[in-house]
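Chains A and B, in that order, give the protein sequences.
Every number in the working numbering is 25 more than the matching position in the first sequence, counting from 1.
Every number in the working numbering is 33 more than the matching position in the second sequence, counting from 1.
Any given hint could turn out to be false.
[Stated by the list, open to error] Lysine-lysine pairs mimicking DSSO-like chemistry, simulated, CA-CA at most 30 Å apart:
hint : chain 1 : residue 1 : chain 2 : residue 2
1    : A       : 127       : A       : 80
2    : A       : 110       : A       : 127
3    : A       : 39        : B       : 99
4    : B       : 99        : A       : 110
5    : A       : 127       : A       : 39
Worth flagging that the hints you see were computed from the coordinates, not collected in a lab.
Predicted model, so just to flag it, every value in this text is computed and none were measured.
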Amino acid sequence: MNDGSSSMRTPLSKVRHLGSAHSGTQHAWQMRATSIALVPLTIGFVWLVLTLIGKDYNSVRAALGGPMASIVMLLFLLTGIWHMKLGMQTIIEDYVHGEHAKTAALLVNAFFCYGIGLACVYAVLRISFV
Amino acid sequence: MADAGTRPADPQSRRPLSPHLQIYRPMLTMMMSIAHRITGGALYAGTLLLAWWLIAASTDAAAFAKANWFLSSILGRLILFGFTWSLFHHLMGGLRHFLWDAGRGMEHPEREYLAQATWIGGLALTLAVWAAAYAMR
């Protein structure tokens, strides 16, 4: 680890939290954190959708637009889409080996997740406030 | 950019390859691992449907009727059933990962029981939710 520079940092401090991927345990940790949150949120989401079955347009809007329903829906969407962005990143890193193809695939993954996330959040907020 | 000799898929590469899927006898634990990844990918695609439904609900009654027409068609119901199953199967697989993270359930025979619990639990929850859905209709 001695690069011959005059840095005062110890070799350990340079690699701490980084590891071979240069981003350390952040990805793995965020995967676990979103997983834990998604257990109750998924149950809440499924419950919410079940209560909407067979309802007409105005009833669905009224039910989805309520504070609790909107908050559960938004939390589920944001946490779920964050989780799936991390998951797809792992799949891409496992199967796409060319540097250019991998970079392109990771970009498409990011664009898709941010796009779909924004669209869903916008729709829920519009149902709540418009 | 890696040079040709260091690419694992390159036939010219002299590097040894580790055995891959087709070498192994199919095992339940392996199937559940593959299913976890496939259901994750399916849920990824399924967000398009969820987005369509939410946007339709936020637009107007006509747009919502169109989305509902598709979702309650035979094809729509099949896709929704697949979405529900993917959601619960992936959820069960996630719970299994929590146990592994805690350092448990990796030995024989626990791992076999957990693999069975994953697919049975995922299927049972899916059927329970669909039974509830038809009952509440």
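Status of each hint after checking the structure:
| no. | hint | verdict |
| --- | --- | --- |
| 1 | A:127 to A:80 | violated, 44 Å |
| 2 | A:110 to A:127 | holds, 15 Å |
| 3 | A:39 to B:99 | violated, 57 Å |
| 4 | B:99 to A:110 | holds, 29 Å |
| 5 | A:127 to A:39 | holds, 27 Å |
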